[in-house]
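J.: Here are the chains, one letter per residue:
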Amino acid sequence: MAADRSVSAAVFNIQSYSIHDGPGIRVTVFVKGCPLRCVWCANPESNLSKPQLLCFKDKCTACGRCIPKCPNHAISIKEKDGKVYAFTDRSLCRDCGQCVDACLNEAREMAGEEMSVETVLNRVLKDKLFMKSSGGGMTLSGGEMLFCPDFSENLLMAAREEGLHTAVESSCFASRQVIDRVFPHVDLALCDLKHMDSRKHREYTGVPNETILENIRHIYHDLKVPIWARVPCITGYNDDKVNIAATAKFVREELGEDVRVCLLPYHRLGESKNESLGKDINWSIEIPTEEYMLELKELVEKYGLTAQIGG
Amino acid sequence: MPTERIKRMQAALKVDSFPFCAEKPKLVIESWRQNEGLPSILRRAKATAHYLDNRTIYIDDDELICGNVASRPMGLEASCWGPFWDDDDLDSILEGGRYTITDEDRKTLRDLDSFWDGQSRQMYEWQGRFYDDDHLWPFIRSGILCPPWTSKVKGRGSGGAGFGWGLGIGLSFFVPDYKKIIDEGIKARVDEAKEELHKLRYVDNDSFDKADYLKACIIALEAMQRMYHRYGDACTKKAEETKDETRKQELLRMADTCHSLAENGARDFRDAIQAFWFYWMMITHGTVPGGRFDQYMYPYYRRDIDAGKITDDEVLELIECLRIKIMQFNFVSGNAKQRDKWAGMARWHNFLIGGVDREGKDASNELSYLVIRAAYEVRTPQFTITLRVTEDTPKELMMEALKLVKTGLGMPAFVSDKSYINGLVEQGVPLEEARDYALAGCLDLNLPGRSRINALGMFIVPKVLDIVMHNGVMRETGEQLGPKTGEMKDFRTYEDFEKAFKEQLYYFMGMYNEEHNILCRVTREINNDVVHSAFAYDGIRCGRDIANRKMPYENASLLNPVGMISVVNSMAAIKYVVFEKHLATMEEMFNAIEANWEGYEELHKICEDAPKFGNGIDLVDDIAADFYQFWVDSAKTFTTIYGEPPRPTGISITAHAPGGGYTCATPDGRCCGQTLPDGVVSPAQGTDTNGPTASLSSAMKINQDSFNAMLLNMKIHPSALKTDADLEKLGALIKTYMMNGGKHIQFNVVDNATLKKAQEKPQEYKDLVVRVAGYSTYFTLLTPAVQNELIARTENMLN
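Protein chains in written order, with this note's numbering: chain A, 103 to 413; chain B, 17 to 815.
Note that these hints are calculated values from the structure, not bench results. Keep in mind it's a predicted model, so treat the numbers as computed, not measured. Cβ atoms here follow ideal geometry from the backbone N, Cα and C, with glycine treated the same way. Some clues are possibly wrong.
[Said to hold, decoys possible] Below, a list of computed lysine-lysine pairs in the DSS-like style, where the Cα atoms sit at most 30 Å apart:
#, chain 1, residue 1, chain 2, residue 2
1, A, K228, B, K422
2, A, K399, B, K738
3, B, K419, A, K234
4, A, K228, B, K168
5, B, K597, A, K228
6, B, K419, A, K152
7, A, K185, B, K411
[Claimed, not checked] Over 10 Å on every C-beta distance to chain B, these chain A residues come out as not near it, computed from the model:
#, residue
8, P137
9, K228
10, D229
11, L231
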């Protein structure tokens, strides 16, 4: 059965020359919408499935051009911390994006655009030469691509029809039925292992981990999709050696030694995004030191696994 | 790790100031005065010989390759062709203490000035003779060629300091046949000249010129032989004074090399590298290259290694000595505008490695790796390295090259054998010869000893667009500079407007070609040089100076469009905004440009958001492909004084900064005075928002093969180069570009925060090396405009 290329989803980025999301030079497609709410989320603009308005206060000159454009009267000039800017009342804003065009300073931007499989694939295929020559391909990321299974299934199928290597980056939190629809079209699964303790997993991400671990076993053993385990290392949350050891043990004993473990040190890129979404975030997570990351790498290697820092 | 010797020599490069020296002009003019009335070729040869016979020579403590650049350490010999800089300009450059001059030398230069009163030796005076008021003069003054002239008498200014031992051939991009020079030596050419002279009979017009030429060759080359012996003697003397037995032996070996090179070709690797340096100093100025260093040096390397005469470590140290030696040579232009154009102490000493041999096989060898290694250990901005990339370039060599890129030194640059060779074959060069191409300047294509470039002006294309928008009138002066192609408001279709642009462009390209012919002709009149010519293809027997003959590959004149991408983006903006989306009229666009966007902020934003080159968008990429092809096709319709068409090329050096500085606003959203896009297929600064593959995809749509160069700069954040896997992927990116129509790419690996800090505290960043449009220099030596442009260029956050 051929892919239906008319299916669409909200896509918030198509990033070319992705070199840390699987082998070779890749194009990574980021879809919006995620059932998890990880406290350290690096892409908070991907949480919801619909397009969202981002406002960059520092770029705003308070010229006021956006104010009359807003049909919901959500924008007004305010002052905060000595900065005068066009404030958007999120309780009134409907994310229609009409203010974006009015802004002359790129202080307003829409995250996410409804795009069809066809449109996305055409963008991806522009890099076909580079993907082919480097042993790369397309990576589908998010958000959570399993949250829009129709789109993901068809995009992956269509990519394969075009001869592309397909990878996904996923929390693997979905029903077995969704897993069985999507993963047969996947050449490499980059699966997140956020915490081995289900209680803590629920505390930090909003969902427990039993379904996730079960799905990962199924993907690896039954669907025979090669896996790279990705472990975000978040200081004070899951980067303790007990959890990393438990993670390595799970990979080694319940999956296989061919599963590479990628330790991804926390970075702060998500924090500035929260501000642009109008969210007040008052916490700040420390970035793990390089030395500590090396210790974690050695720890994983003790289990007879291949480990790397970064994608 | 570099040896202690190298560390000491490198430390000695860090001086607070560079002295201007007057020895060379003094000696050259001394001879010049005595030989009035002689034909130029003989008079110049005699002046060369007089300088070589009397110049100060000395041997530095640690060096293994001898041949001091100037009469004082780290000095710059002033130009011989006066008048020297006037006192105001000289004082302005001495300000800050970076350069110094002794009172005595200043007096010497002022005394020499009197000799030039009323003399017409200056290149610009010769040029000015042909700038007729009703024809070329308005064009030369307009700034379409950068920099514009302000007066026919004063022209672009004079002087400069920092030249080699010869008299030079003016502005030139030339790759010597180093193989012939090193293998056969100086005396072989002297003998050949004597034999030709012996056979010569005065039976036709040419034979008289030939006689003068051959005699001139003998005069200059014999003086070179004498100087080589003088260096030999100086080494011996130094050896006698030295207590250190190891050093004594080194000096005696160097003495033997110098004496031998005066009479023979090189016997081993040490001879070969010394022969290279001597000849390089004879011909050098700011743009003299090293050719295919890993090729012509390889037979010596192989033989010595096989014979156990030398080790890889010793070869590495010698190449490092050469890097340091080249850093002792500096150059400063004698005119503030020219200094802007050549931002920093701009020099281009391009050494090529890799590529294919004459049979088409991968030619890389152990020396290719050692050349990279030397730059890795001795991170000086010169000499620069360019890796010729082929289908078969070994992965290991690519990785070594990328590890050097990762240091942020800005080298090597990568060029495509496929595109360069295709281009040459297309121009009629036999395949085997085409495979031996090399680059002078940053990217200027030549065949070693078989070609030379004498004219390479910077044509600021956006100036022409402004003239099109004003119906052929140059708005700054109100002059009708070009044909009347219509008022902007009257264009009804995009196609009509494009047609008008092409008509104007072609018109000014014709004048550009004429200006280049004047330059070629002037070079031929006043810059004959037997030191270059004798070693060129058929250089003795043909009996002619290289500026006075057609070369086997004739590329004397290059037509070079600067800022074309700004025009391409502007045309795309007009097409998209006015004719496709109907968001503004031509009249509104015109008024907005006239007002430098003031009061037209909405339209300004719309134009900024219009499709931009470098993002893989067909609408704009197609215009780029078409305009560059138009440039190629138009060039073919002109003729140079050598009877061949001028060749299209694409480098901007740093002319995009001053060129933009005097260019009004453009429809791409650029404001008045803003720097133009750098390079030639580089996206405009900050507009390549879709990442490096999109930039390259746009560039690959252009027929680059037909251009003699096509420069693409890409700035890369260190985060993209952390692991070997990252480097491999960058390697794959480069190779894909090179195999699919790309010609050149170079990387700037440095983060913006560092650059900003360097602007604030230049003294703390003296070591910071960056690459601007084809050459490396220290960041702190760049003009503020170029610094800002570097910072503005999109960082490709490849995470």
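J.: Is it correct that the beta-carbon of D229/A has no partner in chain B closer than or equal to 10 Å?
T.: Given that some Cβ of chain B is not farther than 10 Å from that of D229/A, nearest at about 5 Å, it is violated.
J.: Is P137/A truly not at the interface, in the sense that its beta carbon sits beyond 10 Å from all beta carbons of chain B?
T.: Correct as stated: the minimum Cβ-Cβ distance to chain B is 25 Å, above 10 Å.
J.: Grab the minimum beta-carbon distance between K228/A and chain B and tell me whether it stays above 10 Å.
T.: violated, 5 Å
J.: Holds or violated: K597/B and K228/A, Cα atoms, limit 30 Å.
T.: At roughly 25 Å apart (the allowed maximum being 30 Å), K228/A and K597/B satisfy the hint.
J.: Does the structure keep K419/B and K234/A at a Cα separation of 30 Å or less?
T.: holds, 24 Å
J.: Holds or violated: K228/A with K168/B, Cα cutoff 30 Å?
T.: violated, 52 Å
J.: Is K228/A close enough to K422/B, meaning Cα to Cα at most 30 Å?
T.: holds, 27 Å
J.: Do the alpha carbons of K419/B and K152/A lie within 30 Å of each other, as the hint requires?
T.: violated, 43 Å
J.: Please work out if K399/A and K738/B have their alpha carbons no farther apart than 30 Å.
T.: Holds, at about 16 Å.
J.: Quickly compare the C-alpha distance for K185/A and K411/B to 30 Å and report which way the hint goes.
T.: violated, 53 Å
J.: If we take the beta carbon of L231/A, is the closest beta carbon in chain B still more than 10 Å away?
T.: Nearest chain B Cβ is 5 Å from L231/A, so the label is violated.
Going through the hint list in order, the structure does not satisfy hints 4, 6, 7, 9, 10, 11.
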